[in-house]
Amino acid sequence: MEPKPFAPIAERLIAWQKQHGRHDLPWQNTTDPYAIWVSEIMLQQTQVAAVITYYLKFMQRFPDIASLASASQEDVLQYWSGLGYYSRARNLHKAAQIIMQQHGGNFPQDFEAIQALPGIGRSTAAAISSFAFGLSQPILDGNVKRVFARYFLIEDWPGLPRVEKTLWQLAEAMQPESEMGVYAQGLMDMGATLCTRTRPRCDICPLQEDCGAWAANRVKELPASKPRKAVPERTVQMLVLCHADKVLLEKRPESGIWGGLWSLPELGLEQDGAAWAMQALSMPSSGAEPLVQLTHVFTHFRLHISAQRLTVPVLPLQAQEPRWQWMSLDEAIHAALPVPVRKILQVLAKQHHVVSNAHQGQLALI
DNA sequence: AATACGGGGTT
DNA sequence: AACCCAGTATT
Numbered sequence: 024m025e026p027k028p029f030a031p032i033a034e035r036l037i038a039w040q041k042q043h044g045r046h047d048l049p050w051q052n053t054t055d056p057y058a059i060w061v062s063e064i065m066l067q068q069t070q071v072a073a074v075i076t077y078y079l080k081f082m083q084r085f086p087d088i089a090s091l092a093s094a095s096q097e098d099v100l101q102y103w104s105g106l107g108y109y110s111r112a113r114n115l116h117k118a119a120q121i122i123m124q125q126h127g128g129n130f131p132q133d134f135e136a137i138q139a140l141p142g143i144g145r146s147t148a149a150a151i152s153s154f155a156f157g158l159s160q161p162i163l164d165g166n167v168k169r170v171f172a173r174y175f176l177i178e179d180w181p182g183l184p185r186v187e188k189t190l191w192q193l194a195e196a197m198q199p200e201s202e203m204g205v206y207a208q209g210l211m212d213m214g215a216t217l218c219t220r221t222r223p224r225c226d227i228c229p230l231q232e233d234c235g236a237w238a239a240n241r242v243k244e245l246p247a248s249k250p251r252k253a254v255p256e257r258t259v260q261m262l263v264l265c266h267a268d269k270v271l272l273e274k275r276p277e278s279g280i281w282g283g284l285w286s287l288p289e290l291g292l293e294q295d296g297a298a299w300a301m302q303a304l305s306m307p308s309s310g311a312e313p314l315v316q317l318t319h320v321f322t323h324f325r326l327h328i329s330a331q332r333l334t335v336p337v338l339p340l341q342a343q344e345p346r347w348q349w350m351s352l353d354e355a356i357h358a359a360l361p362v363p364v365r366k367i368l369q370v371l372a373k374q375h376h377v378v379s380n381a382h383q384g385q386l387a388l389i
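Per our numbering, the first sequence starts with residue 24, numbered consecutively.
If you are wondering where the hints come from, they were derived from the structure by calculation, not from laboratory data.
In this text, a Cβ means the ideal position worked out from N, Cα and C, and glycines have one as well.
Heads up, a few of these hints could be off.
Derived lysine-lysine pairs resembling DSSO-like cross-links, with alpha carbons at most 27 Å apart [as the list claims (entries may be wrong)]:
1) K252 to K80
2) K269 to K366
3) K41 to K168
4) K366 to K274
5) K269 to K188
6) K188 to K274
7) K168 to K249
8) K117 to K80
9) K80 to K366
10) K274 to K373
11) K252 to K168
12) K243 to K168
13) K188 to K243
14) K117 to K249
15) K243 to K274
16) K117 to K269
Pair by pair, the computed Cβ-Cβ distance ranges are [unchecked claim]:
17) D353 to S110: 25 to 35 Å
18) S90 to G144: 37 to 47 Å
19) T322 to P345: 30 to 40 Å
20) E195 to Q68: 17 to 27 Å
21) D55 to S110: 18 to 28 Å
22) T334 to D179: 28 to 38 Å
23) E34 to R346: 53 to 63 Å
24) Q369 to T334: 47 to 57 Å
25) T189 to W347: 16 to 26 Å
26) K188 to K366: 22 to 32 Å
27) D179 to H323: 20 to 30 Å
28) P86 to P255: 35 to 45 Å
29) D179 to D353: 11 to 21 Å
30) G310 to K373: 27 to 37 Å
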């Protein structure tokens with residue numbers, strides 16, 4: 024019988040977490056499942072530093088499930104604008120309404136019920152479960168995958184379904200008997216602060232003594248990186264239709280990119296803006312001028328945007344569909360917009376500012 | 001099993 | 001410029 028040479032990793036991580044983990048992030052030191060839930064959703068594929076200010080503003084505006092559930096989707100998206108992965112916000116909102124209707128306004132405490140809420144998968148359900156309720160469910164996020172890929176010397180890319188299955192099994196097997204929340208936090212904090220992708224701090228790692236990658240001198244190469252394909256490129260034209268101090272925005276469909284956000288009309292590069300405005304919106308326009316060109320990079324493609332400004336002297340008599348809306352420039356910039364659209368409108372606002380200053384100057388001269 | 005879904009940070 | 005990040009839902 025071989026004696027166990029080292030303490031279980033859960034034991035070491037719990038001790039490490041208590042001494043060296045992070046303890047004062049805005050969503051820590053609470054067992055309020057709502058506060059924890061919001062943080063976990065924001066932290067999906069998004070780093071702590073980027074989340075903090077969004078989280079504080081969001082919690083101030085939507086302090087509890089009821090206030091979130093009763094808000095408009097528009098309002099919720101506005102507080103998410105700039106964070107990305109907008110389905111997270113739509114699902115959060117939808118889930119709050121489900122909790123009001125199906126759980127009497129109380130966050131469910133059953134693991135399956137938690138995971139059944141939209142936007143909450145196995146790992147997020149496990150994180151909420153352990154932090155808020157002390158349930159024993161394994162988490163498996165990017166940090167855990169990296170720590171395990173190194174500790175267990177897993178050579179293949181952790182995103183492979185076969186490897187992922189193994190990782191979940193390991194995650195289950197490593198669960199402690201108690202202190203679930205401290206363990207889960209320790210695993211993630213260790214991954215985020217010591218077992219980092221580059222320049223990991225193996226010198227002070229509580230798992231170094233029996234880490235497979237450390238023993239094999241393979242830490243730098245693991246975890247294996249995702250096999251990449253060339254990212255496609257797309258070029259579009261965006262129209263900034265201006266009438267007096269207002270611009271025309273279009274609400275995007277629920278599903279697909281930038282779902283539910285306000286954007287600008289998109290055209291192929293070959294199409295003529297004025298002709299399109301006349302045909303699609305019965306809107307005469309003139310004075311087309313290039314406004315700005317920019318490139319927006321997504322995970323899965325690169326989007327080149329060429330923004331054109333058009334002046335609409337007279338509004339058509341017929342009311343437009345509700346997905347079209349004239350907003351003042353100031354109003355538009357504060358709406359729920361994707362980042363590149365906000366940038367385009369800021370360029371316009373800057374021009375507007377220069378023009379109105381020149382105008383004021385003229386008035387002063389007269 | 002593969003793909004869609006953002007934006008920001010690091011190197 | 002490549003790569004990654006407290007993943008989930010859809011196809």
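Legend entry - Range hint compliance [Cβ, E34 to R346, 53 to 63 Å]: 56 Å, holds
Inset, instruction - State, for the Cβ atoms of D353 and S110, whether the hinted interval 25 to 35 Å holds or is violated. - result: Holds - the Cβ-Cβ distance for D353 and S110, about 28 Å, lies within 25 to 35 Å.
Legend entry - Pairwise beta carbon distance, D179 to D353, judged against the given window 11 to 21 Å: 52 Å, violated
Legend entry - Status of the given 28 to 38 Å range, CB of D179 versus CB of T334: 57 Å Cβ-Cβ, so the 28 to 38 Å window is violated.
Inset, instruction - Sort out whether K168 lies within 27 Å of K243, counting only the CA atoms. - result: 15 Å, holds
Inset, instruction - Take the C-alpha atoms of K80 and K366, compute the straight-line distance between them, and say whether it is at most 27 Å. - result: 22 Å, holds
Inset, instruction - Mind checking the hinted window 22 to 32 Å against the Cβ distance between K188 and K366? - result: 42 Å, violated
Legend entry - Given hint K168 paired with K41 - CA-CA distance at most 27 Å: This hinted pair holds, its Cα atoms lying about 22 Å apart.
Inset, instruction - Mind checking the alpha carbons of K117 and K80 for me, to see if they're no more than 27 Å apart? - result: 20 Å, holds
Inset, instruction - For the pair supplied as a hint, K188 and K243, confirm whether the alpha-carbon distance does not exceed 27 Å. - result: OK: K188 and K243 at ~24 Å, within 27 Å.
Inset, instruction - Sort out whether K188 lies within 27 Å of K269, counting only the CA atoms. - result: Outside the cut-off at roughly 53 Å; violated.
Inset, instruction - Given the hint that K366 pairs with K274, test it: the Cα-Cα distance must not exceed 27 Å. - result: 17 Å, holds
In summary, the numbered hints that this structure violates are 1, 5, 6, 14, 15, 16, 18, 22, 24, 25, 26, 29 and 30.
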